[in-house]
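> Listed below, chain by chain, are the residues.
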Amino acid sequence: MPTSNPRSRLLWICLTVFAVVGFAAFMFPAFIIRPFAYQNPKALLWAMAIRQRAPIISLLCAGVTLLLVSSLWQGTRWWTKVLLSAATVLVIFSAVMSRLNYFEWMFHPVDSAKFESESSSKLDAKEMILAVRYGSDARAYPIREMAYHHILNDVVGGVPIAVTY
Amino acid sequence: MWTRTVNGRALHFYLAGINNQNFLMRDKETGTWWQQIDGKAIYGPLKGASLDLVAYDELTFGEWKSEVSGGQVLAEVPRYSKKYESDWEPEIAKLPVVISFPGTELKSRDIVAGLEINGASRAYPWDSLVKQSPVIDHIGVTPLLVAVAPDGKSLRAFVSRIDGKDAEFFLKTEVKSSAGDPPAVAGASNSRTPESAQASKSSGPPAKPWLLLDTGTASEWNFQGCAVSGPSRGKCLDRVPVLKDYWFDWRNYHPDTTIYKR
Chain A
177 MPTSNPRSRL
187 LWICLTVFAV
197 VGFAAFMFPA
207 FIIRPFAYQN
217 PKALLWAMAI
227 RQRAPIISLL
237 CAGVTLLLVS
247 SLWQGTRWWT
257 KVLLSAATVL
267 VIFSAVMSRL
277 NYFEWMFHPV
287 DSAKFESESS
297 SKLDAKEMIL
307 AVRYGSDARA
317 YPIREMAYHH
327 ILNDVVGGVP
337 IAVTY
Chain B
169 MWTRTVNGRA
179 LHFYLAGINN
189 QNFLMRDKET
199 GTWWQQIDGK
209 AIYGPLKGAS
219 LDLVAYDELT
229 FGEWKSEVSG
239 GQVLAEVPRY
249 SKKYESDWEP
259 EIAKLPVVIS
269 FPGTELKSRD
279 IVAGLEINGA
289 SRAYPWDSLV
299 KQSPVIDHIG
309 VTPLLVAVAP
319 DGKSLRAFVS
329 RIDGKDAEFF
339 LKTEVKSSAG
349 DPPAVAGASN
359 SRTPESAQAS
369 KSSGPPAKPW
379 LLLDTGTASE
389 WNFQGCAVSG
399 PSRGKCLDRV
409 PVLKDYWFDW
419 RNYHPDTTIY
429 KR
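Residue numbers (my numbering), protein chains in the order written: chain A, 177 to 341; chain B, 169 to 430.
Derived from the structure by calculation, the hints contain no laboratory data.
Glycine is no exception: its CB is placed at the ideal position from the N, C-alpha and C atoms.
Among the hints, erroneous ones may be present.
[Unchecked claim] For lysine-lysine, the following DSS-like pairs were computed, each having C-alpha atoms within a straight-line distance of at most 30 Å:
| no. | chain 1 | residue 1 | chain 2 | residue 2 |
| --- | --- | --- | --- | --- |
| 1 | B | K429 | A | K290 |
| 2 | B | K333 | A | K218 |
| 3 | B | K275 | A | K298 |
| 4 | B | K196 | A | K302 |
| 5 | B | K208 | A | K218 |
| 6 | A | K302 | B | K233 |
| 7 | B | K251 | A | K290 |
| 8 | A | K218 | B | K215 |
| 9 | A | K290 | B | K233 |
| 10 | B | K250 | A | K290 |
| 11 | B | K251 | A | K298 |
| 12 | B | K412 | A | K298 |
| 13 | B | K196 | A | K290 |
| 14 | B | K251 | B | K412 |
| 15 | B | K275 | A | K290 |
| 16 | A | K302 | B | K299 |
| 17 | B | K262 | B | K250 |
| 18 | B | K250 | A | K218 |
| 19 | A | K218 | B | K429 |
| 20 | B | K215 | A | K302 |
[To be verified] Which residues of chain A face chain B? A partial, calculated answer using Cβ under 8 Å:
| no. | residue |
| --- | --- |
| 21 | T192 |
| 22 | A213 |
| 23 | A289 |
| 24 | K302 |
[Stated by the list, open to error] Sample of chain A residues with no beta-carbon within 12 Å of chain B, all distances over it, derived:
| no. | residue |
| --- | --- |
| 25 | I189 |
| 26 | S247 |
| 27 | F283 |
| 28 | S293 |
Chain A with its partners taken away, still in its complex shape (with noise of 0.2 Å):
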């Protein structure tokens, strides 16, 4: 990291905090929040605040960094370029995932929730279901899908009920 003025040093210093602090808005989060790992409660709260504000915060920060990578950039060495590069690209891609939920890649949502009869579905017998009744509505949910997509937001006899599973 080229130091030659007090100018440059607190540029470098700037943009590693922006930087750090942009990317560890989305990590921290997905961090303490991943699947098969212990949370503790007031790591989880702490993930949950940051990742409320995780957008804001992370933009922000992308915004900041790449204006600091532009006044870096020019007269640097090769190696320097790639702490730049690297950092511009941790950033951005803070930025994205903060605005998008992975957690529905791995188990996707209902997006428009079809239902059949009870006497054209070819669900087997002894195959396991969430039954719900509101007056003459009576409704299943297949266990198989919801053990997949996890919620579902329905209407049952003008009752507004997620499904979870």
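Chain A is already provided as a structure; the job is to place chain B on it using the hints.
Just chain B, lined up with the frame of chain A:
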């Protein structure tokens, strides 16, 4: 399963994360985080709010079809149909658990039926339920009837009271369950009758419907908890929400739970 109306507004939930292997969801309207198992908002603008539990059953499709007419079944989403697995539980059982509660006779991924009455909770080991169904129990002062259908999979629980009086039930017909073991006859004495012992030796398909008899009115009751004959005909027992869950997950959210033993 939860109603999703809070303060008069219907919320729309989506999968947002995981908390010790129980998933987290968020609502699109406020961004609040909710725990799936207990419907409580744990972070965000609606923190502290609770969703109302929807009365639902976990049944086989065959059992459900025998009880309803004109029902609707969620159709498969064609592009995800290859992701659906009927036998996913054995695969899940191979996965590690991140929390455990040693010192009990249950293993982390043992299946239990969990009930909570007036703040007191109890876990009924699934294997015991299948073998002993119907089970008569008490949680606090509340008498309970927990039953597994002859299919060995469908589950329901009821408050065991008729017209405000505690009631006891016996299995009227010994039906060989698809789980392989004939259910024990439950009741005050918890002993088998000669008829049930004889029936348990038969290996043919069940010829008679699954019915319970109550000792108070001698009425016959079906798996929906409703009397189909006798003085109590037309009456139904109050349903109790019951959750089929892994022991570690039930215990994690019900730290004071007891375990049914018989």
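> Please verify whether K218(A) and K215(B) have alpha carbons no more than 30 Å apart.
With Cα atoms ~15 Å apart, K218(A) and K215(B) stay inside 30 Å; holds.
> Given A213(A) as an interface hint, is the shortest Cβ-Cβ distance to chain B below 8 Å?
6 Å, holds
> For the pair we were handed, K250(B) and K290(A), check the Cα-Cα distance against 30 Å.
Distance ~17 Å between K250(B) and K290(A) Cα, so the pair holds.
> For the pair supplied as a hint, K333(B) and K218(A), confirm whether the alpha-carbon distance does not exceed 30 Å.
Violated. K333(B) to K218(A) sits at ~47 Å, over the 30 Å cutoff.
> Does T192(A) pass the interface check with chain B, least Cβ-Cβ distance below 8 Å?
29 Å, violated
> So I189(A) supposedly isn't at the interface. Is its beta-carbon more than 12 Å from every beta-carbon in chain B?
33 Å, holds
> Are K251(B) and K290(A) close enough, with their CA atoms no more than 30 Å apart?
17 Å, holds
> Are the Cα atoms of K196(B) and K290(A) separated by 30 Å or less?
22 Å, holds
> Between K251(B) and K412(B), does the CA-CA distance stay at or below 30 Å?
Given pair K251(B), K412(B) holds - Cα atoms ~22 Å apart, limit 30 Å.
> Tell me if the straight-line CA distance from K208(B) to K218(A) falls inside 30 Å.
Holds - the C-alpha atoms of K218(A) and K208(B) are around 17 Å apart, at most 30 Å.
> Under 8 Å is the threshold here; is the Cβ of K302(A) close enough to any Cβ of chain B for the hint to stand?
6 Å, holds
> CA of K196(B) to CA of K302(A), is that 30 Å or under?
35 Å, violated
Checked against the numbered hints given earlier, the structure breaks hints 1, 2, 3, 4, 15, 18, 19, 20, 21, 27 and 28 and satisfies all the rest.
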